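J.: What follows is the residue order along each chain.
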Amino acid sequence: MTEKTETKQSGDTASKDGDRGIKVIGILCNWCSYAGADSAGTARLKQPVDLRIVRTPCTGRIDPIFALKAFEKGADGVLVSGCHPGDCHYAEGNYYARRRLELLDRLIPHLGIEPERFRYTWVSASESKRWQEVVTEFVGKVKQLGPRERRAL
Amino acid sequence: MSERQAEIRELAKAALSEGRVDYFIGWGTGYDNSQIVPVFVRDAGEVDELVWNPLAQHNLSVYLKRKMPESPDAKIGVCVKGCDSRTLVSLLQEELVDPEQIYVVGVPCDGVINRRAVEKEFSGEVVDILFDGGRVTATSRDGESKEFSREDLLFDHCRSCRYPNPLYQDDSAGDPVPEPEGEAGPIWESLEEFEALSTDQKSARLEEVFSTCIRCFACIHVCPVCYCWDQCVCRSRKPELVSQKVEAKENLMFQMIHMFHVAGRCPSCGACDRACPVEIPLYLLHRKMNQELHDMLGFEAGVDVEAKPALQTFDVEDPFGEH
Amino acid sequence: MRIGVFVCHCGTNIAGTVDSKGIAARAAELKDVVHTQDITYTCSEPGQDAIQEAIQMKGLTRVVVAACSPHMHEVTFRRCVEGAGLNPYLFEMANIREHCSWIHEDYDEATEKAYEIIKMAVAKVRELEPLYANEVEVNKDVLVIGGGVAGIQTALDLADAGLQVTIVEKETTIGGTMAQLDKTFPTLDCSACILTPRMVDCSQHENIEIMAYSEVERVQGYVGNFTVDIRRKASYVDWEKCIGCEICQQKCPAKAPDSFNEDLVETKAIYLPFPQAVPKKAAIQYDYCRWFQEGKCKVCERVCPADAIDYEQEDEYLQREFGAVVMATGLDVFPWEEYYHEYGSGRIPDVISGLQYERMLNASGPTGGHVYRPSTMGKKKEEPEEPKTVVFIQCVGSRDESVGRPYCSSVCCMYTAKQAILTKDHVGMDTDIYVFYIDIRATGKGYEEFIKRAQTEFGVKYVRGRVSKLYESDGKVVVRGADTLLGDQVEVEADLVVLASGITPPEGSGKLAQTINISYDEYGFFTESHPKLRPLETNTAGVFLAGACQSPKDIPTTVAQASGTSSKVLGLLSRDKLKTSPEIAVVDQTRCVSCWKCIEVCPFGAPEKQEQRDGSFKSHVIESVCQGCGICVANCPVNCIALKGFQTDAIIDQIEEALLA
Amino acid sequence: MKFLAEDKLQSLLKELANAAQVVIPARAEDAEGMVSFRAWEPGVEPELDVLLTRQSAKEFIFKQCEEYLTYHYTMEGETGVPEEEEEGSPGEDEDGLEEIAHETLRVEARVEAPPQVLFGLRPCDASGLVQIDNVFSGYGGFYFDPMYNARREATTILAVACAEPRSTCFCTSLGGSPSGTEGVDALFTPVEGGFTVEALTDKGEELVKSSAFVDAEGSQEEAAAKVKEEIEGKVDEAFGLEGVRENLQANFEDTEGWDELASRCISCGTCTYVCPNCYCFNITDHKVETSGERVRTWDNCFNPSYTLETSGHNPRASKRNRFRNRFSHKFWYYPEKYDSLLCSGCGRCITHCPVRIDLREVVREMGSPRVAASGEEA
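Protein chains in written order, with the numbering used here: chain F, 1 to 153; chain S, 154 to 476; chain L, 477 to 1137; chain V, 1138 to 1515.
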């Protein structure tokens, strides 16, 4: 019991004094990018600690609103990743997603969000190295910008 | 103009008396001469209620959304301007309106004027607006009269209008007006000021603008291509995409949901801007959205009945997203 | 709602960088979490017992296991909680290994992140609801794509077990690469003697249908119910009539490249690849046929005793139903000419590929098994001369980053040794043979012994080092390389240089993978579902892998894998009905606004218009057809379609949870 | 009666601002230049030439969105290997909150009501607040809302009599007046060089103690009386109230009549949100993990969820019924319960309706006997 409250406190301080400054949400498709992140893990490819991954079956499932919601709730960056066009496990999902995400990508700056804070990309199950690069590069850019002060979204 | 008004009345009269339509939706005079409102004419004898002048800003295709009107099998006559016809085309693309059930009178349009702009020229209330060619004479309740040029009072999306003649119609009220030259695709001047802002300024401006929203939902109810009605996800608690809390963030989120839902079907007809009781410049969102869709795909909403809305289809060769 | 959270140590895999015990304790403060526990190996039997015990004692109604990737053990734990009487879909995995402990070093950071991942999983599990798998009828016919030894073995195993098998082979005969080989290592038994009887077995087996000279165009459907479009390429010969007498080939006046013989020689425009071909049917190579190119000739038509020639023939499209698909598309030889300019890019006649040499060694090959210097072949008067000095270069297109092939092709060391020995046997023990190698990979049964034999018994000289350059100098091929053991330059004047060109997937493998919706790697090898847990399956249920299309393999491994795959297919098709995943889209018809976007976008045609009692129509998703991608959900304006297991609320709650405080 | 010189207005506002938040009608700087109520800052001139602000002042007492209460769960789940004496399993019980051991819920409700002065609203807006009071202030022993009342208590209302009524004004038809005093603490009437000021309540009396005011001269009092009389006359007669309630009741089932009137209505909620009288609200919880808040937001009778039942059934599914409810509520249901009308005749619903639905027309039509309508179409 006491031990519990201790850990709790330590946990709180860890998140409060914001030593881990930023929060990045990753929305991944199950078949390619999530698996790619798995392979990166299996290969012990070190990555920044700031990414939180949400698994969806397919980028076709991803509503642009998810990303905006994340920003609204305080995300400093949002990364969406799926199968390369043509490789969709469901044949067409990422083609639909590509249009929606491209539109979103183009609107992000318009909404008062730095363009570097959003990215959508394609990483296959075997591209563990690429996943490491994508995450490192993206989170790096977001870190440079630092935490977002939110006004509108 | 008056000639077009006569045409409208003629066509409406014929349609009603021949029983081709149960009622005919056009524009008519509101509670005073400075107000034009949608009117529903149910009797051939009443077609003189129909009016056409530069105040006829309402996009009447909104009444073709299902549940609006309620009787689903009614045969409806309706007047559309160029911009209105594009929202109608969007509805037709999705087969949400049965062409067999509607009789469309296209009204070639030289642009409609912004009544609010007129009102703001007076301290008192404007009760009468008269048109004489390019001149507009407005008179306030206390008898003050002012003259304007029609040109100056046009909505800016009318100034940049590329489709002054309806793209879908059964009959036309009068001869078409000259089409503008130049490369197709809407013009975006009205955005430039906002686009020039820095990221921070943008979000500050959006916060300022959307904190005034009162969530009356006039914008989506008046939107012809927004038809979820009682099921609107912006009011749903499950799933809850947007909270009921009225605050800048949530209000903007609500608009973003609306925007993504009409993306590819919204031609920026401006109905939402005009309906907003607190004058939120919604075009900041939907015109930008249309601009980007145009850059991405050369796509314009509601110009081709055979086409599909941009986001409900795809091209394997779409020229983006390779990163 | 009573949630239990179980945090795995995975030995030190997780506990090494994450305070599993600590976060388990903290998780007990999350809403609805009534029980938490840290376990050394959650997937182990005691681990699973602990979970089941806790479910029963604490009356847990939801379970979160924080351990490895769901791709690893989701199935395991679903079974586990089901065993304790919980619905298997009231379970969620928090991936704190692949996505956390394995990719971070800082203990505190990793621990904090792991805790947040658990919070997200708890947020999701709250939104989950019990789901029940539904069943679909299974079609028991099997499609085998590729008629090489892998395809043949799979087909025979399955056919013997009583399943109907269709082999689709793009060439006019089955047999694949193995049919081109002379002897096989390490036993040196004759390749044809092993393969051709199996080929004949296929053609005569009542349960096997061979569709040669055909290709798969499109695959629709799902496990147990695939619909496949197959294109039978026009051979311009009516195979119903053709008796394979070869007269047409003898009389045909037009020469054409002989791919079966690796273009060492030429064949005719109308040809049969080799005498033991199955089916033994002739085909016309359109681009080389005089009739098609010049509009006159028709010799074959005149000489054909069976009246089988049919110049009007066109590609034929067939649609067939299958329950499972086996990919056995085999391999290609690495196109070394395009990459190795230092080896003459194929312009030096006496520099040939391993497979070309294989054809030369082959008694039924173009030289009848005689080894000649290609530069001296095909001359009118002179006899072709045999090489006195032969150099073998290994790892051409293998283990070579510079040509984008970092992997080992796994067979070259062995076939080089084999060819070296056979050279001595065919040409004479006095032949001078050098093998330039990086390392010798001889891991199979009897392989290392075989290499030793080559070195000692047959005196093949092994030089450790890469060859930097090949060039011609007065009738010889000068081989310049390094001997890294002696540490100096070596130069050999060779009569013949054989490149142990590596294995690459057949051209168009990527495209085929896309057609079938399976994943593939950057080279085009098909990706197995899991290297250890599901090495014969793909990520697409009902599609399996056999042979070199998955990774380079020698014949014994290929055949072994093929039989393994057969047993997987048999396992799948032993049931009359298949359980399908209940994680699919379900429409809440009370909210549906009948805009039909779902129907518009679904790649599988799962949503349909369903009439309601009031005569209106609402969307309805056909359970057995829905694949659970969720494209319709993202397009539904009212969000009235729930993708079970991935409902909008579940996703949003995870996001919100991750961003708390 | 007091007098406030024009040039004293700013100093008065400044003085008031020391003790309270002062809210005035002001014109926004942006292009739209909308006139609405907002907090006064030194130098900001109240915009009194424009008769009506875009929205009424009700927002400052009956907030569009307010946090009602916050709540927080603390869990003490068990950790470690379960011990034997753990009580039996309740099994798959979804809403089994109470049976979860070790869970505690803390609820907090904060009443925030800093003193505020609303200056420059019109008598119609002020009387609108009185109608809302009925609902939230325990009228006839009904509900008493602590937050609303705290804010109401802390608010002083300084109305300014109308100068130039709009054609859509019809307060007089409802027994109101452009210089009405219902719900007003002090009424300012514009006269030559400033305002005459009448203190109508204790709060009003407190106010006029300020040195900014001087006693009004007789001439000024007369001027004020004259002004009031003039404007009174300028307000058009919209309809007679005679029998409206009864006729609305009688015409309740006149679906064609209602359909015709509602045909151009787009069923949004603008009218109710600009209305100084409409008070309908919705209460929703917003919870993430262990903490949440309960918020009260404006609702309106055109909102689909307004009468939506848990079963999914909605007794007011159609536009017509929602439309009918708005007018019936204002002129029939509400009066029945509270013995006063739920409309003060400001006309905002008319001028801001995207399709200019005219309340006056609706009341004229459905508030009078309609033999014809039900007769024909048979």
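These aren't lab readings, by the way, just hints derived from the structure by calculation. It is possible that some hints are incorrect.
To be verified - Now the stretches of chain S that chain V is said to cover, found in silico as 3 or more residues with beta-carbon under 8 Å:
{"hint": "1", "region": "272-279"}
{"hint": "2", "region": "405-419"}
What the hints assert, rightly or not - Calculated pairs, BS3-like style, for lysine-lysine (alpha carbon to alpha carbon, straight line, at most 27 Å):
{"hint": "3", "chain 1": "S", "residue 1": "Lys-441", "chain 2": "F", "residue 2": "Lys-141"}
{"hint": "4", "chain 1": "L", "residue 1": "Lys-774", "chain 2": "F", "residue 2": "Lys-46"}
{"hint": "5", "chain 1": "L", "residue 1": "Lys-717", "chain 2": "L", "residue 2": "Lys-774"}
Claimed, not checked - So the derived label-pair ranges between C-beta atoms look like this:
{"hint": "6", "chain 1": "L", "residue 1": "Lys-1085", "chain 2": "S", "residue 2": "Glu-400", "range": "47 to 57 Å"}
{"hint": "7", "chain 1": "S", "residue 1": "Glu-475", "chain 2": "L", "residue 2": "Val-676", "range": "26 to 36 Å"}
{"hint": "8", "chain 1": "F", "residue 1": "Ala-43", "chain 2": "L", "residue 2": "Val-551", "range": "20 to 30 Å"}
Keep in mind it's a predicted model, so treat the numbers as computed, not measured. We put the beta carbon where it would ideally sit given N, CA and C, even for glycine.
J.: Now, for every hint given, state plainly whether the structure supports it.
T.: Evaluation of the provided hints:
Beta-carbon proximity to chain V at under 8 Å applies to 4 residues in the region 272-279 of chain S; the threshold of 3 is reached and the given coverage holds. Judged by the Cβ-Cβ criterion of 8 Å, the region 405-419 of chain S is not covered by chain V as claimed, because only 0 of its residues qualify and three are needed. With a C-alpha separation of about 26 Å, the suggested pairing of S:Lys-441 with F:Lys-141 holds against the 27 Å cut-off. This hinted pair does not check out: L:Lys-774 and F:Lys-46 have alpha carbons roughly 67 Å apart, beyond 27 Å.
The suggested pairing of L:Lys-717 with L:Lys-774 holds, with an alpha-carbon distance near 17 Å, which does not exceed 27 Å. Range check, L:Lys-1085 to S:Glu-400: Cβ separation about 40 Å, and the 47 to 57 Å hint is violated. At roughly 49 Å, the beta carbons of S:Glu-475 and L:Val-676 sit outside the given window of 26 to 36 Å. Between F:Ala-43 and L:Val-551, the C-beta spacing of about 23 Å keeps the proposed range 20 to 30 Å intact.
Hint violations for this structure: numbers 2, 4, 6 and 7, all remaining hints satisfied.
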